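Construct all of the structure, not just a fragment, from the sequences and the given hints.
The residues making up each chain are set out below.
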Amino acid sequence: MNAGLPPNRAHVVTQPSSLSSRLDRAYRLYRRRIGRCRTENQLNRIHLALENFLTPAEVRYLRAALAREPPDSPGRPWIARLDRFMPVNKPRPVEFERSGLFKSLTRYTAGTVFPEQKTLIIGFSGHFHRLMLPMPWLLDCLDPRLYDVLVLRDFSRRSFTVGVPELGADFFAAIARLRELVRPHAYRNAIALGTSSGGTPALLAAILLGLKRGISVSGQDFQRFTTRVKNRGLDDTPYAALLASRPEPFPDLLVVCGAEHTNDVKAASALHELVPSHLWKIHNCEQHAVLPWQLAQGRLPAFLAEMLDQSLESSDPVATTAVAPDGQRY
Amino acid sequence: MENAQLRIAVLEALKAAVPGAVNDQMRDSFLAGGLNIELARLEMDSLARMEFCIAIELSTGVTLVPPQLAELGSTDAIERCIREQLG
Numbered sequence: 001m002n003a004g005l006p007p008n009r010a011h012v013v014t015q016p017s018s019l020s021s022r023l024d025r026a027y028r029l030y031r032r033r034i035g036r037c038r039t040e041n042q043l044n045r046i047h048l049a050l051e052n053f054l055t056p057a058e059v060r061y062l063r064a065a066l067a068r069e070p071p072d073s074p075g076r077p078w079i080a081r082l083d084r085f086m087p088v089n090k091p092r093p094v095e096f097e098r099s100g101l102f103k104s105l106t107r108y109t110a111g112t113v114f115p116e117q118k119t120l121i122i123g124f125s126g127h128f129h130r131l132m133l134p135m136p137w138l139l140d141c142l143d144p145r146l147y148d149v150l151v152l153r154d155f156s157r158r159s160f161t162v163g164v165p166e167l168g169a170d171f172f173a174a175i176a177r178l179r180e181l182v183r184p185h186a187y188r189n190a191i192a193l194g195t196s197s198g199g200t201p202a203l204l205a206a207i208l209l210g211l212k213r214g215i216s217v218s219g220q221d222f223q224r225f226t227t228r229v230k231n232r233g234l235d236d237t238p239y240a241a242l243l244a245s246r247p248e249p250f251p252d253l254l255v256v257c258g259a260e261h262t263n264d265v266k267a268a269s270a271l272h273e274l275v276p277s278h279l280w281k282i283h284n285c286e287q288h289a290v291l292p293w294q295l296a297q298g299r300l301p302a303f304l305a306e307m308l309d310q311s312l313e314s315s316d317p318v319a320t321t322a323v324a325p326d327g328q329r330y
Numbered sequence: 331m332e333n334a335q336l337r338i339a340v341l342e343a344l345k346a347a348v349p350g351a352v353n354d355q356m357r358d359s360f361l362a363g364g365l366n367i368e369l370a371r372l373e374m375d376s377l378a379r380m381e382f383c384i385a386i387e388l389s390t391g392v393t394l395v396p397p398q399l400a401e402l403g404s405t406d407a408i409e410r411c412i413r414e415q416l417g
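Line order of the protein sequences matches chains U and L. For the first sequence, the positions run 1 to 330 when my numbering is used. For the second sequence, the positions run 331 to 417 when my numbering is used.
I should point out that these hints are in silico values taken from the structure, not numbers from a laboratory. It cannot be assumed that every hint is accurate.
Said to hold, decoys possible - Listed next, the in silico DSSO-like pairs over lysine-lysine satisfying Cα-Cα at most 27 Å (straight line):
(1) U:Lys212 to U:Lys266
(2) L:Lys345 to U:Lys266
(3) U:Lys103 to L:Lys345
(4) L:Lys345 to U:Lys230
(5) U:Lys266 to U:Lys230
Computed from a prediction, not measured in an experiment: that's the story for all the values here.
Here it is as structure tokens:
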């Protein structure tokens, strides 16, 4: 059985030589692109785009390759920083590999384990086409034998209300097509995770797809989301109806924000009022970017495990953090 | 580059860097030249500063780099800096 995604490589074990050859080609391509850059902004543009797509294995490969370049090579400080903040930073028995199914849909999988033994995370990116973090930092927290990750990128920057170009022209059509392609119920578990403007779409997708869990991190409130829908001349009624629906089983919904970020607390509280959900206000966090903040505290893997409500490294249950009487989490 | 074009370029760069930072009222006032936005108000992290500078360079051809933004501090100062570089 596979998860239904073309090309059908779900259980093909990649040969090391093939992987090494692909990594080397990627490195040579990187060098050509960087060689054409004439300004710091051009360099930053390439590096930011790479951060949105690279796997942990690619970061390690680039780190080793760029270490052979002159000390003033522009890639060296960039890759050193990327490498330094990898939360786990150790090679794994099997590694995530990336396949760009479409421009707006990227799949990360080790492809060596049956989906029914794994959890699928469907990521709804925010404004910068990432889940608040460079992709390798997030992937580095997950055991590829236990997780597949799909990332939907909102290149239109319209909170997925105009769909995903290759999947469908509106949110509902895109999610229906995603269900056909991904078959989330073939997995042991499936979870939607959205950040910033991807937060509300993640909760809606969790309800629509009947997933076990939906998570919004620093998401916008639903009122703002529907206002954006209406301002584009679109009908917001289906979105309101979906949020008001209570299909069985109803997913566990989690709304997360920094406790000291006033606007995000307002948005999270408003969303929490509208739908059965858990509200997590992260103690002492005054940032919108909750996941990088957790990384800086050295807590990203533990925090992800708590949000996903399962271990990132085994099938064991996960320990939860203390919750204060006012609902803030430590 | 006309002043109006430059204002649009700065506005679009702000929108690219800090989603939701500029509402409709601010946008109208800014484009009319009546609003100077202090960058400190916008909670720009390092990613936002990079995205802002990338957007400015793409639309105007002028290279600003992220550390300059703290020195410039406001949209009026950024516009002056770009105009000087454009000659």
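Structure versus earlier hints - violations, ascending order
Result: no hint breaks.
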